[in-house]
Amino acid sequence: MRAFLFPGQGSQKLKMGYDLYQNYQEAKDVFEEVDSALSQNLSSIIFGDDADLLNKTENTQPALFAMSMAVLKVIETQSGKNINELCDMVAGHSLGEYSALTAVETMPISTGARLLKTRAKAMAEAVPAGIGAMMAIIGLNIDDVAKVCEKASNGEIVCSVANDNCPGQIVISGYKEAIENAQNIAKEMGAKKCVILPVSVPAHCPLMAPAKDIVESALSEITIQDPIVPFVSNRTAKFTTDTKEIKENLTAQMVNGVRFRESVDFMVSKGVSEFIEIGSGNVLSGLVKRTTDKATSTPLSSIESITEFLKGL
Numbered sequence: 001m002r003a004f005l006f007p008g009q010g011s012q013k014l015k016m017g018y019d020l021y022q023n024y025q026e027a028k029d030v031f032e033e034v035d036s037a038l039s040q041n042l043s044s045i046i047f048g049d050d051a052d053l054l055n056k057t058e059n060t061q062p063a064l065f066a067m068s069m070a071v072l073k074v075i076e077t078q079s080g081k082n083i084n085e086l087c088d089m090v091a092g093h094s095l096g097e098y099s100a101l102t103a104v105e106t107m108p109i110s111t112g113a114r115l116l117k118t119r120a121k122a123m124a125e126a127v128p129a130g131i132g133a134m135m136a137i138i139g140l141n142i143d144d145v146a147k148v149c150e151k152a153s154n155g156e157i158v159c160s161v162a163n164d165n166c167p168g169q170i171v172i173s174g175y176k177e178a179i180e181n182a183q184n185i186a187k188e189m190g191a192k193k194c195v196i197l198p199v200s201v202p203a204h205c206p207l208m209a210p211a212k213d214i215v216e217s218a219l220s221e222i223t224i225q226d227p228i229v230p231f232v233s234n235r236t237a238k239f240t241t242d243t244k245e246i247k248e249n250l251t252a253q254m255v256n257g258v259r260f261r262e263s264v265d266f267m268v269s270k271g272v273s274e275f276i277e278i279g280s281g282n283v284l285s286g287l288v289k290r291t292t293d294k295a296t297s298t299p300l301s302s303i304e305s306i307t308e309f310l311k312g313l
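Each residue of the sequence shown is one higher than the one before, counting from 1 in the working numbering.
The set of hints was computed from the structure by calculation and includes no laboratory data. Just to be clear, a hint being listed does not mean it is correct.
Think about it this way: if two alpha-carbon atoms lie no more than 20 Å apart in a straight line, the pair counts; the simulated DMTMM-like pairs of lysine to aspartate or glutamate are [claimed, not checked]: (1) 244 <-> 293; (2) 147 <-> 125; (3) 270 <-> 35.
Derived DEER-like restraints, expressed as beta-carbon distance ranges [as the list claims (entries may be wrong)]: (4) 252 <-> 51: 30 to 40 Å; (5) 85 <-> 196: 24 to 34 Å; (6) 22 <-> 296: 39 to 49 Å; (7) 239 <-> 79: 49 to 59 Å; (8) 155 <-> 22: 28 to 38 Å; (9) 78 <-> 241: 27 to 37 Å; (10) 252 <-> 82: 41 to 51 Å; (11) 156 <-> 189: 15 to 25 Å.
Backbone N, C-alpha and C fix where the C-beta goes; we use that ideal spot for every residue, glycine too.
All chains, please: the whole structure from these sequences, using the hints.
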């Protein structure tokens with residue numbers, strides 16, 4: 001069985017998808033549809049030379065979404081197969097959930113792009129600069145990291161698990177002061193390394209409550225369809241098919257951690273032996289390799305990698 005995975009923030013890079021844009025009309029159509037939906041020439045930012053502009057959250061999120069959708073449309077068009085003929089289940093990491101859900105036809109590309117623009121803007125505005133932080137803790141398990149966060153939090157100055165990425169790699173998020181406390185506590189508990197991440201938005205923690213409310217409002221205004229391929233939620237690490245529950249989980253995702261390691265384990269338990277990363281970079285493929293030895297993982301982002309994948313169908 002095969003699962004398609006859709007990456008989140010951190011996988012972006014300048015010129016991503018430009019070879020697809022130049023060589024496949026279906027990819028060009030995706031980038032142009034996203035530009036039109038946002039009333040913004042996002043493609044010029046993606047294919048440009050200003051990394052700081054691409055790395056602004058409100059550009060990064062819809063840009064990664066556009067890249068994933070372009071890769072998917074090339075695969076579908078060139079193979080002559082729909083996604084439900086190409087994979088058995090899908091999942092995404094954080095914003096990648098919107099890519100996954102659009103891929104399995106719960107919403108149009110234009111809707112996914114606008115939702116992510118709203119989500120990203122809300123996240124950027126939720127917390128004043130310098131208040132929040134995120135940190136990767138290497139070498140501790142999830143239970144130990146939860147204890148670190150509990151010890152590091154003090155009254156309203158809190159931090160919590162943001163991303164359970166793979167065994168021994170867990171990201172925490174919250175108030176900068178609590179994160180600094182956690183750095184010392186984690187090292188005392190035997191962490192191999194603690195790395196403060198270069199981000200301005202402390203994602204997937206209670207500080208995102210104002211953004212959660214905005215995303216909830218935006219989701220309430222749209223109708224989503226049942227996924228045509230089983231979708232695994234970040235919030236539950238299980239299949240989610242009910243559209244009301246999908247919306248609730250997307251909202252809850254804003255203030256709760258991404259359970260990616262558990263999601264991979266769940267998909268493997270359901271028979272997945274091949275993971276395909278649809279979009280920019282190879283972050284998720286690397287996490288899969290560190291999570292399980294029962295499945296392969298392959299990133300698809302270039303003409304070469306896509307061509308090789310299509311040969312094996």
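(request) Starting from the hint 24 to 34 Å, judge whether the C-beta atoms of residue 85 and residue 196 obey it. (result) violated (44 Å)
(request) Quickly compare the C-alpha distance for residue 270 and residue 35 to 20 Å and report which way the hint goes. (result) Between residue 270 and residue 35 the Cα gap is close to 38 Å, so the pair fails against 20 Å, i.e. violated.
(message) Does the beta carbon distance between residue 78 and residue 241 stay inside 27 to 37 Å, or does it fall outside?
(response) Between residue 78 and residue 241, where Cβ atoms are some 29 Å apart, the hint holds.
(request) May I ask you to test the hint 28 to 38 Å on the CB atoms belonging to residue 155 and residue 22? (result) At 54 Å between Cβs, range violated.
(request) Given the range 39 to 49 Å, decide if the beta-carbon distance of residue 22 to residue 296 lies inside it. (result) violated (29 Å)
(request) Confirm or reject the claim that residue 156 and residue 189 have a C-beta distance inside 15 to 25 Å. (result) holds (24 Å)
(request) For residue 239 and residue 79, compare the CB-CB distance with the range 49 to 59 Å and indicate the outcome. (result) Cβ of residue 239 to Cβ of residue 79: about 25 Å, so the range 49 to 59 Å is violated.
(message) So if I understand the rule, the pair passes when the alpha-carbon distance is 20 Å or less; does residue 244 with residue 293 pass?
(response) Answer violated: residue 244 to residue 293 is near 35 Å, above 20 Å.
(message) Check whether the Cα positions of residue 147 and residue 125 lie no farther apart than 20 Å.
(response) Between residue 147 and residue 125 the Cα gap is close to 29 Å, so the pair fails against 20 Å, i.e. violated.
(message) A range of 41 to 51 Å was offered for this pair. Does it hold for the Cβ distance of residue 252 and residue 82?
(response) Violated, since residue 252 and residue 82 (Cβ atoms, about 30 Å apart) do not stay within the stated range.
(request) For the range 30 to 40 Å, tell me whether the beta carbons of residue 252 and residue 51 fit it or not. (result) holds (32 Å)
Comparing the model with each numbered hint stated earlier shows that hints 1, 2, 3, 5, 6, 7, 8 and 10 do not hold.
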